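Going down the list, the sequences are from chains A and B. Oh and the first sequence: position 20 is 20 in my numbering, straight run, nothing missing. Oh and the second sequence: position 122 is 122 in my numbering, straight run, nothing missing.
It should be emphasised that the hints constitute simulated quantities derived from the structure, not laboratory data. Quantities reported herein were computed from a predicted structural model and do not represent experimental measurements. A portion of the hints provided could be inaccurate.
[Said to hold, decoys possible] With a straight-line cut-off of 27 Å between C-alpha atoms, the simulated BS3-like cross-links for lysine-lysine are:
1) B:Lys166 to A:Lys38
2) B:Lys139 to B:Lys163
3) A:Lys38 to B:Lys147
4) B:Lys43 to B:Lys139
5) B:Lys45 to B:Lys66
6) A:Lys90 to A:Lys7
7) B:Lys139 to B:Lys166
8) B:Lys43 to B:Lys66
9) B:Lys166 to A:Lys158
10) A:Lys90 to B:Lys43
11) B:Lys139 to A:Lys158
12) B:Lys66 to A:Lys90
13) A:Lys63 to B:Lys166
14) B:Lys163 to B:Lys147
15) A:Lys90 to A:Lys4
16) A:Lys38 to B:Lys163
17) B:Lys139 to B:Lys45
18) B:Lys147 to B:Lys166
19) A:Lys158 to B:Lys66
20) A:Lys63 to A:Lys158
21) A:Lys5 to A:Lys90
22) A:Lys38 to A:Lys4
23) B:Lys147 to A:Lys90
24) A:Lys4 to A:Lys63
25) B:Lys166 to B:Lys45
26) B:Lys43 to B:Lys166
[To be verified] Partner residues are not named here, just some residues of chain A that face chain B (Cβ under 10 Å, in silico):
27) Gln36
28) Leu60
29) Ile71
30) Ile72
31) Tyr94
32) Met98
33) Ser156
34) Met185
35) Ala187
36) Gly194
37) Val196
38) Ile197
39) Ile199
40) Arg201
Where is the CB? At the ideal position from N, CA and C, for every residue including glycine.
The primary structure of each chain is shown beneath.
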Amino acid sequence: MLSKKTKEAFWGPLNINNPVVVQILGICSALAVTVQLKPALVMGISVTIIVALSNVVISLIRKSIPMRIRIIVQLVVVAALVTIVSEVLKAFAYDVAMQLSVYIGLIITNCILMGRLEAFAMTNNVGESLMDGLGNGFGYAWILVVVAFVRELLGSGKILGYQIIPDSWYIANGGLYENCGMMLMPAMALILVGCVIWIHRIANEEKK
Amino acid sequence: MKTDSNVYTIIYATVLVVIVAVALAVVSQVLSPRQQANALLDKQKQILVALNQDIDAVANPAALYKELCQDTIACGNTEVYVFNVDSATKYVLRLHGQGLWGGIGGYLALNDDKNTVFGINFNHESETPGLGAEIVTEKFRSQFVGKHIKDATGAIRSIAVLKVGKSAEEGQEQVDAYAGATITSTGVNDMLATNLEEYREFLMEGKEADYAE
């Protein structure tokens with residue numbers, strides 16, 4: 001059904017060519033929104049939608065774009081999509097929009113977006129660009145989810161806001177457990193991303 | 001078509017910008033009533049929490065707000081909301097200040113003596129989850145209930161937010177800061193102090209002028 005190239009465009013970024021752990025792009029937002037799982041999920045979904053749509057739009061108009069202003073055109077398309085997503089979130093998911101605050105706007109500066117537009121959508125057809133956008137979005141999202149899962153569980157004892165570590169385990173209630181405050185610090189996200197990269201490299205060693 | 005010519009480039013850029021501008025304007029127009037409704041509902045929910053109402057158990061918080069809210073009194077540049085909870089008058093003051101990463105705010109509900117705290121609610125833009133963000137929790141907020149914002153002479157004396165073990169000045173009441181969130185806690189402390197001053201006219205209404213410091 002799908003050509004080999006299209007499949008590769010989708011599956012590559014999920015693993016072998018992951019934007020975060022292999023190309024080391026989009027790290028800044030990975031640090032900022034991964035303290036809890038819910039904003040990380042929304043951020044992952046938002047980025048996926050924006051990368052996929054902007055890839056499609058740029059791919060559609062790729063032959064008409066004047067080469068000298070192509071980066072500006074890409075930026076305008078991305079900025080417009082980001083603004084729309086941000087407005088939609090404010091209208092339909094107000095709590096999450098407030099929680100993500102400035103980071104939705106900062107998707108515009110996410111290197112994954114400009115990277116995909118310039119490297120892929122400018123030279124490939126619409127179908128392949130859509131799959132490439134979805135693949136890169138999901139590739140980014142799953143790293144965020146893994147990091148956020150670990151940080152929220154160990155940092156606040158919760159998952160998606162629900163208490164997972166029993167209250168009775170805590171020192172305050174006579175137990176022996178204490179949340180790891182380090183997990184709440186941005187630096188810990190970097191260390192966790194480092195751990196994911198490490199495991200990812202070990203797992204993919206033979207394939208290279 | 002020659003896409004490299006100057007004329008083409010300028011026309012292309014102009015058309016693109018116009019299309020994008022129209023699209024954004026339409027989206028903004030269509031969604032703005034919904035966004036404003038969300039913002040209003042969010043504010044009403046926050047005030048209800050400050051009034052110790054269990055908003056999760058209420059099917060329609062907006063209706064409950066309407067039922068309880070009696071009046072708003074202008075006070076300088078700001079306003080005081082008057083509520084009737086269980087047939088007692090409560091005053092709600094809006095708080096706004098600065099935390100560690102961004103703005104913090106909240107609503108302070110006072111009994112009709114304009115002195116005893118009935119309830120309080122906090123919100124924040126981007127405080128650290130697990131640390132500064134804990135100011136929104138029941139555990140932190142409940143400390144304020146029953147505290148007084150005036151000293152024995154009737155002068156305004158804000159509630160201090162202090163590290164566990166430290167004591168406030170004579171005549172000032174205090175609550176425990178959240179451990180590890182020093183700057184946010186200081187922000188709450190300063191927010192209370194400065195905002196109560198903004199409401200001086202309302203809080204000291206009917207009192208002798210010499211109570212003012």
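Evaluated hints:
no. : hint                 : verdict
1   : B:Lys166 to A:Lys38  : violated, 37 Å
2   : B:Lys139 to B:Lys163 : holds, 15 Å
3   : A:Lys38 to B:Lys147  : violated, 35 Å
4   : B:Lys43 to B:Lys139  : holds, 21 Å
5   : B:Lys45 to B:Lys66   : holds, 11 Å
6   : A:Lys90 to A:Lys7    : violated, 34 Å
7   : B:Lys139 to B:Lys166 : holds, 19 Å
8   : B:Lys43 to B:Lys66   : holds, 13 Å
9   : B:Lys166 to A:Lys158 : violated, 31 Å
10  : A:Lys90 to B:Lys43   : holds, 14 Å
11  : B:Lys139 to A:Lys158 : holds, 17 Å
12  : B:Lys66 to A:Lys90   : holds, 24 Å
13  : A:Lys63 to B:Lys166  : violated, 69 Å
14  : B:Lys163 to B:Lys147 : holds, 17 Å
15  : A:Lys90 to A:Lys4    : violated, 39 Å
16  : A:Lys38 to B:Lys163  : violated, 31 Å
17  : B:Lys139 to B:Lys45  : holds, 18 Å
18  : B:Lys147 to B:Lys166 : holds, 17 Å
19  : A:Lys158 to B:Lys66  : violated, 35 Å
20  : A:Lys63 to A:Lys158  : violated, 49 Å
21  : A:Lys5 to A:Lys90    : violated, 37 Å
22  : A:Lys38 to A:Lys4    : violated, 34 Å
23  : B:Lys147 to A:Lys90  : violated, 36 Å
24  : A:Lys4 to A:Lys63    : holds, 24 Å
25  : B:Lys166 to B:Lys45  : violated, 34 Å
26  : B:Lys43 to B:Lys166  : violated, 34 Å
27  : Gln36                : holds, 6 Å
28  : Leu60                : violated, 13 Å
29  : Ile71                : violated, 12 Å
30  : Ile72                : holds, 7 Å
31  : Tyr94                : holds, 4 Å
32  : Met98                : holds, 8 Å
33  : Ser156               : holds, 5 Å
34  : Met185               : holds, 8 Å
35  : Ala187               : violated, 12 Å
36  : Gly194               : violated, 21 Å
37  : Val196               : violated, 21 Å
38  : Ile197               : violated, 24 Å
39  : Ile199               : violated, 25 Å
40  : Arg201               : violated, 30 Å
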